[in-house]
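Now for the letters of each chain:
There are 4 protein chains.
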Amino acid sequence: MIMFQSDYLEGAHPEILKRLMETNDIQRVGYGEDIFSESARKKIKKRIGRDDVDIHFIVGGTITNLLVISSALRQYQGVISPKTGHINVHETGAVEVTGHKVITVDGRDGKLSAEDVKMIMENHLSDPSKEHTVQPKMVYISFPTENGTIYSKKELEDIRKVTKEYDLYLFIDGARLGYGLASPDTDLTIEDIANLSDVFYIGGTKCGAFSGEAVVISNSELKKDFKYNIKARGAMLAKGSLNGIQFDTLFTDDLYFKITKDAVGKALKLKDAFTKKGIKLFGSSSTNQIFPVLSDSEITKLREKYLFETWGKNNDGKTIVRFCTSWNTKEENLNSLIEDIEKL
Amino acid sequence: MIMFQSDYLEGAHPEILKRLMETNDIQRVGYGEDIFSESARKKIKKRIGRDDVDIHFIVGGTITNLLVISSALRQYQGVISPKTGHINVHETGAVEVTGHKVITVDGRDGKLSAEDVKMIMENHLSDPSKEHTVQPKMVYISFPTENGTIYSKKELEDIRKVTKEYDLYLFIDGARLGYGLASPDTDLTIEDIANLSDVFYIGGTKCGAFSGEAVVISNSELKKDFKYNIKARGAMLAKGSLNGIQFDTLFTDDLYFKITKDAVGKALKLKDAFTKKGIKLFGSSSTNQIFPVLSDSEITKLREKYLFETWGKNNDGKTIVRFCTSWNTKEENLNSLIEDIEKL
Amino acid sequence: MIMFQSDYLEGAHPEILKRLMETNDIQRVGYGEDIFSESARKKIKKRIGRDDVDIHFIVGGTITNLLVISSALRQYQGVISPKTGHINVHETGAVEVTGHKVITVDGRDGKLSAEDVKMIMENHLSDPSKEHTVQPKMVYISFPTENGTIYSKKELEDIRKVTKEYDLYLFIDGARLGYGLASPDTDLTIEDIANLSDVFYIGGTKCGAFSGEAVVISNSELKKDFKYNIKARGAMLAKGSLNGIQFDTLFTDDLYFKITKDAVGKALKLKDAFTKKGIKLFGSSSTNQIFPVLSDSEITKLREKYLFETWGKNNDGKTIVRFCTSWNTKEENLNSLIEDIEKL
Amino acid sequence: MIMFQSDYLEGAHPEILKRLMETNDIQRVGYGEDIFSESARKKIKKRIGRDDVDIHFIVGGTITNLLVISSALRQYQGVISPKTGHINVHETGAVEVTGHKVITVDGRDGKLSAEDVKMIMENHLSDPSKEHTVQPKMVYISFPTENGTIYSKKELEDIRKVTKEYDLYLFIDGARLGYGLASPDTDLTIEDIANLSDVFYIGGTKCGAFSGEAVVISNSELKKDFKYNIKARGAMLAKGSLNGIQFDTLFTDDLYFKITKDAVGKALKLKDAFTKKGIKLFGSSSTNQIFPVLSDSEITKLREKYLFETWGKNNDGKTIVRFCTSWNTKEENLNSLIEDIEKL
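Residue numbers (the numbering used here), protein chains in the order written: chain A, 1 to 344; chain B, 1 to 344; chain C, 1 to 344; chain D, 1 to 344.
Careful, some of the hints might be misleading.
[Unchecked claim] The calculated lysine to any residue pairs, modelled on SDA-like cross-linking and capped at a C-alpha distance of 25 Å, are: (1) D:Lys224 x A:Asp225; (2) B:Lys83 x D:Ser126; (3) A:Lys280 x A:Lys343; (4) A:Lys118 x C:Leu334; (5) A:Lys313 x C:Tyr31; (6) D:Lys305 x C:His86; (7) D:Lys161 x D:His90; (8) B:Lys318 x D:Lys305; (9) B:Lys130 x D:Leu307; (10) C:Lys154 x C:Lys261; (11) B:Lys154 x B:Asp225; (12) C:Lys83 x A:Pro128; (13) D:Lys330 x C:Tyr31; (14) B:Lys118 x D:Lys330.
[Claimed, not checked] Computed from the model, here is a short list of chain C residues facing chain A with C-beta under 10 Å: (15) Thr98; (16) Ser295; (17) Ser297; (18) Glu298; (19) Ile299; (20) Thr300; (21) Glu304.
[What the hints assert, rightly or not] Among chain D residues calculated to face chain B with C-beta under 8 Å, some are: (22) Pro14; (23) Glu96; (24) Lys101; (25) Pro184.
Rather than coming from a laboratory, the hints here were simulated on the basis of the structure. No residue lacks a Cβ here, since even glycine has one placed at the ideal position from N, Cα and C.
Required output: the full structure, derived from the provided sequences and hints.
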């Protein structure tokens, strides 16, 4: 069976493995203070065009989310998220486990809008007994979203403006950041992501690494004592260099951007194949995840050779499924799938 | 500078790197359900002689400790630990962050005794207002301890008996398990560790892997829904195979036991060198950490070429320091250090 | 100004004060073990027709909710609630602060249905990666609801059935229980409430007491060690007799039921007055809270003499407001308000 | 049996009951915003000589402790307490349940010293891996202590100085504040307590009220959003006036100080009686709790007529017991006990 159900189906990009081999015997200190992590930090700072940020490498997405959110909020505060946000759906309540409510907005296409945030804040602030409700203090969005969609620069600037107006932190979950920035439809750069947020992360696990998310903190309120928070949540690796070396590799010669661009290109070919076949797509993803809406017989046929994920029911009764590409999607597997789509 | 300050100073054992290379392109599912993790589980079960255990691979020690403890306890319950226990000293209160008190006993040589546990339980149960105090429900010990010492089989059996008598869970932190089992002084096997606990873990990070601790749960009360707990604490890796492959390698041809035995052998040579020189050792470690008590001038001399950790003040005013060996301690570095000890 | 904005606007029922005076000098032990609390427990058990329950007096509603829910759930579990549930809206995220997600259903008229619960459970159980989502383990409903509405016996029995089918606890928040049971439309008795739930509480604070909610636990799984939980959440009063005496008084000669019945009668008179005037009511409350939908000018006129709460915007652009009656609503104030409604 | 086992054995001071009767029918708003609570706040501010403090009335001691501590600390921070501190011993780990470690010092006579705090801070700050340990951020002391002892003005000033030096909050648990200030040995006034702390509370429950502790916050960092915290912990009473009226009464004509002074006077008579009889006292309490060290036969004899608490074993093998007096200790009971002590 050929797997398309996610973007974390294999090991790590060969450059990473090579670098792990080369450095293996070099002694280094623990806990992310090593020379490789330091080098990775420098390269990332250069690439995002900012020297005034703190960068920490955390092992995976959920722990990064719970760590960033719980470190930023006081106990009575909550985080605003689209209903479809990863923290609201697929993290077994990890944010709530840290004691914080996820305040959801319905959103659209996996995204929330500046208007959504404004409305929540106005409702809260105009409530005479507001102390009886959770105080919103952070906005969480994913770029790209869980639906593969992206915010435009204008949309993100508007959200940024409203978060500043209401003294909210803006946190961008970039578990698939590379793929979002590789979308042909985006007008955003990684510099914009850094400049338009208080904290964001550059996803490694889903973008070619074995593990690791690079948390970039630009708001100095959030920088203070962050390492205590990392340790208290169990998120500090003894061999922190494992993540450091991986990010150092990914940010050498723009490898991170090249491999995610390649993956998006492949996903768009798949998208084209479905579209040409007259198969509708759920949402408007232009990144490495695509969501065709299939009939039961189409699913059965494709399941003979391919693994992909069931995403939900469409309102026409058909089934939304998900295909993902990654740094390691083989040309021959892609072509085979495209042919089989054409034969549907 | 030659580093001896810990056992996580380099990458991973070459066999692990080799195996990561070989498997890199093989597609596998996420979250620890992959074939490599399954294979590792089988090998571990065989090695410990038990088929009725659940095994989960978790990325590091602190998150394993907080995960196991918080999953086992109800909110009003606490965990008994020696004062020197890692959870009590060096985890930034991670157990307390999950809402549980660490109930400490002074212990001796880094260890607690069955008598210590008995006394705590008798005090609790005889208290007419016991509901005003934390209910002890788990005993946490490390094997080997943070001081490098080990429990004898008799000591562990006695602790096991008392935990059963008082309906307590026994949890053994095996972050350095391999080194404990490689001690020339131990009469315990990994089978014993499995049979004399409700849950324990086999440390990977400090024993040759990049990352990973294999949690082995034998008490069925603790097995239920553990994967929900893993996810809710952010401890589930998308690319769970990273840990699986490492443990699969470590448990092939007893590699885990060979490399830790080698490391302990080197540590004992160091110990000998200090002893011959008339330098006292703190505690009675017979594992891969040794704790010589040095004068300021001895420290200064050794610091010219070597890095090692300051552990604390001895009661004779001198300083306790720590030297560690590992799977990757180079023969030439060891010999160089021994020569320099002789010259002190 | 005459106040109608809630049912906790004055002290306590005079019988309670009298009883506090009479008993004031009698020495009694602390923490709810006193003879008055014991007597109250006996009377409540008799009144609900069950001897096999545990009863604890807790000081207020929010702390009762967070205590019951957090005591019942493991860390990865959540509680299902109607979107309008008090725990979801007006408790500053107190349930989330204890680490648990409130899983909401839209519901209808402030209520959820057995079907709602069934759908959530089927979705959860059929999810191949269910460990990535919060496990529902409890259903929370209010009787009467925050909208003043009540469940019919059939509705409650259906919910009970579905909770048993899916191994969920059913928790009934009875902060205003007396008013629900006094509704002319109810076919439920307090015996039914006790028999159709795992745990519920009899609200004191909003039903004539200074403070206090009587938590009645019938499911033995939830009884164990509950006093530890009470203390660990700070919910144990040193002078527990304060609550005990109040409930002992309220459950003497059915005082609790008499005063809530009187209050509901008064509310229905208000309801009639609005209806006669052609003023629409929001929802279908038949308890002590009524929700007329008023124009701005009607509000302005009534605000000259009366205080009442703004509840929200109606979909016709008018404003939903809330009037409450209680054990202490004075006949003359009620009549004055009715006259002023007639003059609108 | 005549009870001496605690200072919360009866209802409330008659003046409180009288005031509750008089005000019972007066309508007032909820949640501590009422005119009685406002009046109480004014009186307390006047009495402590500070207008720049925030005052909140919370229902009991444990919930006050957990609320104040968890509101002040970030997740990775802990609170320093004497080993004998109430939060460390008798609150079922309520502080840990909120996620914070209690960092204990052995102390002396139930007290900690400025030196103790200094040592903890120096150890923490000089630790190169301090992020691996809990960051101390608050000092918790009780006045009087759980052992009935008091800090001198000099001792408190020294502690204050050291907390300022290390940027720590100083929190004084005044559950029995009145008795401490009534000690013949004290050189502290309530003004001093207010001026030498960041937050403290005036205990009501143990000093003549049914319930209630008045939290006085002088540090503006701790004032912000405190009402959100109160609600999120379930500590906000709907009928907040219950506490307000009680404190308004206690702070009218210095009632609080008169009744605690009377109680201490009675305790000292008991102390004298024991001393005259040659019975040793544990510790150096000069407040309303006294701790004679009795033989088994002395205990048996006194238990014929009196109830008192067992406190622990003395190092001479005898038993430390506790006798308490309160606002309601009857002259005849006191005299009877004194006579029976004489007859021992």
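Structure-based check of each hint:
Taken as a hint, the lysine 224 of chain D and aspartate 225 of chain A pair is honoured in the structure, with Cα atoms around 21 Å apart against an allowance of 25 Å. Proximity of lysine 83 of chain B to serine 126 of chain D is assessed by CA-CA distance (about 20 Å); at most 25 Å being required, the pair is judged to hold. Using a Cα cut-off of 25 Å, the hinted pair lysine 280 of chain A and lysine 343 of chain A holds, with the two alpha carbons roughly 16 Å apart. A C-alpha spacing of about 40 Å is found between lysine 118 of chain A and leucine 334 of chain C, which places the hinted pair above 25 Å, so the restraint is violated.
Our distance criterion of 25 Å between C-alpha atoms is broken by lysine 313 of chain A and tyrosine 31 of chain C, whose separation comes to about 54 Å. Restraint check for lysine 305 of chain D and histidine 86 of chain C: the C-alpha separation of about 49 Å exceeds 25 Å, so the hint is violated. Under the criterion of a C-alpha separation no larger than 25 Å, the hint pairing lysine 161 of chain D with histidine 90 of chain D is inconsistent with the structure, at around 29 Å. Between lysine 318 of chain B and lysine 305 of chain D the CA atoms are separated by roughly 59 Å; this puts the pair beyond 25 Å, and the hint is violated.
For the suggested pair lysine 130 of chain B and leucine 307 of chain D, the alpha carbons sit about 19 Å apart, so the restraint of at most 25 Å is met. Between lysine 154 of chain C and lysine 261 of chain C the alpha-carbon distance is near 23 Å, which keeps this suggested pair within the 25 Å criterion. The hinted pair formed by lysine 154 of chain B and aspartate 225 of chain B fails the criterion: a straight-line CA distance of about 33 Å is larger than 25 Å. A distance of roughly 20 Å separates the Cα atoms of lysine 83 of chain C and proline 128 of chain A; the hinted pair therefore holds under the 25 Å criterion.
Simply put, lysine 330 of chain D and tyrosine 31 of chain C have alpha-carbon atoms about 22 Å apart, close enough for the 25 Å limit, and the pair holds. With a C-alpha separation of about 43 Å, the suggested pairing of lysine 118 of chain B with lysine 330 of chain D is violated against the 25 Å cut-off. A hinted interface residue such as threonine 98 of chain C counts as satisfied when its beta carbon comes closer than 10 Å to some beta carbon of chain A; here the least separation is about 7 Å, so the hint holds. Residue-level restraint check for serine 295 of chain C is violated (minimum Cβ-Cβ distance to chain A is 20 Å; threshold 10 Å).
At its closest, the beta carbon of serine 297 of chain C sits 21 Å from a beta carbon of chain A; the interface hint therefore is violated under the 10 Å criterion. Hint status for glutamate 298 of chain C relative to chain A: violated, with the closest Cβ pair at about 20 Å, above 10 Å. A cut of 10 Å between beta carbons decides the hint on isoleucine 299 of chain C: the least distance to chain A is about 15 Å, and the hint is violated. Given the 10 Å rule on beta carbons, the hint for threonine 300 of chain C is violated: about 17 Å separates it from the nearest Cβ of chain A.
For glutamate 304 of chain C, the interface hint is violated, since its Cβ never comes within 10 Å of a Cβ in chain A; the closest pair sits about 19 Å apart. The interface hint given for proline 14 of chain D is broken, as the beta carbon of that residue sits about 29 Å from the closest beta carbon of chain B, more than 8 Å. With a cut of 8 Å, the hint placing glutamate 96 of chain D at the interface with chain B holds, because the nearest CB-to-CB distance is about 4 Å. Because the smallest distance between the Cβ of lysine 101 of chain D and any Cβ of chain B comes to about 4 Å, under 8 Å, the interface hint for this residue holds.
Interface hint at proline 184 of chain D: violated, since its Cβ lies 31 Å from the closest Cβ of chain B, which is beyond the 8 Å cut-off.
Comparing the model with each earlier hint shows violations of hints 4, 5, 6, 7, 8, 11, 14, 16, 17, 18, 19, 20, 21, 22, 25; every other hint is respected.
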